[in-house]
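The residues making up each chain are set out below.
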Amino acid sequence: MPPSPPEPATPSAELVGATSAPILLGREPFDVEFEIDAPTGPARLRADRSLRKVYLHVTNITSAEAAPNYLVYLNLPSGEPGEQHPELRVGTLAMFGLRESSRRDERHPGNGLSFRFDVTGIVLRLVAEEHWDAKRLRVTFVPGAWESALAVQVGQIRLYFV
Amino acid sequence: MRTGSAWARPRTLPDYLWQHPEWWAVVLCASSWAVLVGLGLAGGPHAGHVHAPRTLGYGSEVLHWSLMVLAMMLPFHLETIRETAEISLWRRRNRAIASVLGGFAVPWLGLGLVVAALRSSPLAHQREAASGAFVLAACWLFTRPYAYSLAACHRQMPLAAKGWPAYRDALCFGAVRGAACVGTCWPLMVACTFAGHSLVALGGGYMISQAERGAFRPRRRVSFLLTLGLAAWSLAAAQPLPEGHLMGATSKAFSLSPRTEELRIPIDAPTPGGRFVLRMESLKATELPPAYAVYLNLPRGVNPKKRPDLRVGVLAMYGIMEATAARRPAPADGLTFQFDVTTVIGQLAKEGGGPVRVLRVAFVPNHTKGATRVTVGRVALVHYRDPRREGSPERPQ
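Just so you know, the protein sequences line up as chains A and B, in that order. 1 is the number of the first residue of the first sequence in the working numbering; add one for each residue after it. 1001 is the number of the first residue of the second sequence in the working numbering; add one for each residue after it.
Please note: incorrect hints may appear among the correct ones.
[Stated by the list, open to error] To be clear about the criterion: a stretch of chain A counts as covered by chain B if any three or more of its residues have a C-beta under 8 Å from a C-beta of chain B, and this derived list gives those stretches:
#1 18 to 25
#2 61 to 75
#3 122 to 129
[What the hints assert, rightly or not] Looking from chain A toward chain B, a few residues come up when the C-beta cut is under 8 Å (computed):
#4 S12
#5 E14
#6 D37
#7 P42
#8 N111
Since the hints were derived computationally from the structure, they do not count as laboratory data. Where is the CB? At the ideal position from N, CA and C, for every residue including glycine.
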């Protein structure tokens, strides 16, 4: 049996952009934009200069009340409904357990819910269609149907290159 | 975050450092432990002077407190540091880590200033104070504030990516984690300080904290019992010394220069049994002198390094300037060291074919730079018959 090739180094993720303040989501779709920088660390220094993966993190989602699920889109054209661009849909923020995870008590720090999405395919598509802006990213949150008032706070959105 | 499909060993040093941005905090922590252990083993001011009558200066107390916090608390926040690095832009991850550590230090330093002030009181040097603080630490484990603080040690905070908000957020994040850390461990750290930063107290305190922080479901009753064990130890380890018989002593004060010096002390014929303790009292200096290795009856012309069997200890001068300066309520009585020389006395008697009648005490400096002189109030050999004396550590008072 031939010797196995050397193990690859563990890929290090590099943050390239993040929102600077918490975001408050309600019953209407909500857009948020933030700057992204060119990678300066391991993502830039990779020998083959290829982009392995891109991840979107939506972290520390908290609310005192229950909330509907939210659909998340990347660079959704402004004014257009999300249903027309399923190819730009990143995923769903499933809010099951939102209230419980937001509570600070003797057993829980109240960090809320956090999600991580692999958005490599969407980014490659946007690049191919020349809709990718290397300096800014827009993330759209579209809530499901809900009757009462909503106050869902998203702590931060972060974009990682791996 | 180590995102990716492959978990594999890093191939190169940069790979390793990239994946472990906390490496320099680990170095900081290890250095603090090295200093604390070195001071403990060398019989420095940290060597367990639980009920020493002399107190260190306020600045030294704060410095010792800071070392203890770095050594004992930083290991529990390596994950905080990794987390900070992962949610910061690559080019500013070290700055973010430094800011978080700065924020983390603020609550601990605040408590340290208070504890250092308490240590200026002789009451804080009593064995009962250390023991009582350990009992308080044991009871604290079952309180609601402790549980809240323990949960808050895992509280997350988003950090702005750039500019001054990034520094502000990192400082706040560190301060939040630091405050939670103070909330969980303050009685234990106060107890360790009251126990004179003894290595037993530090090691035991660290293990208890590790058991509480590291376990998914901490076994609180075990931690409680271990902490009570430390309380019992601090009482037992600080038993008042029994009265000893003075075998011989210098008649007046003398001074040491940064050269090898020797003095002769006629002593009574040692009686077998018991322990022999060499005391060097009231060492004073206004500038930092070299450390001195102390040898007994070193043969003339012999390089001291070739007779390590005759070395009884090292006079580590750390804190001597503070101990020399009068500062209320601490009197300016300098440092006092005592070494158990029973083995060496026995060896000398064996080599000489009879009991030792004259003790030649050689002081060998670790360097000969400068002209700082150390005044030594008295050197005395004391014989203790009480077997409890055997467990007494070599320590300055």
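Hint check results:
1. 18 to 25: holds (count 5)
2. 61 to 75: The restraint on the region 61 to 75 of chain A is violated, since only 0 of its residues have a Cβ under 8 Å from chain B and three are required.
3. 122 to 129: This one is violated; 0 residues, fewer than the three required, reach chain B with a Cβ under 8 Å.
4. S12: Because about 5 Å separates A/S12 from the closest Cβ in chain B, which is inside the 8 Å limit, the hint holds.
5. E14: Holds, about 5 Å.
6. D37: Holds. Min distance 7 Å.
7. P42: This interface hint holds because 6 Å falls under the 8 Å limit.
8. N111: Holds. Min distance 5 Å.
In summary, the structure is inconsistent with hints 2, 3 from the numbered list given earlier, while agreeing with the others.
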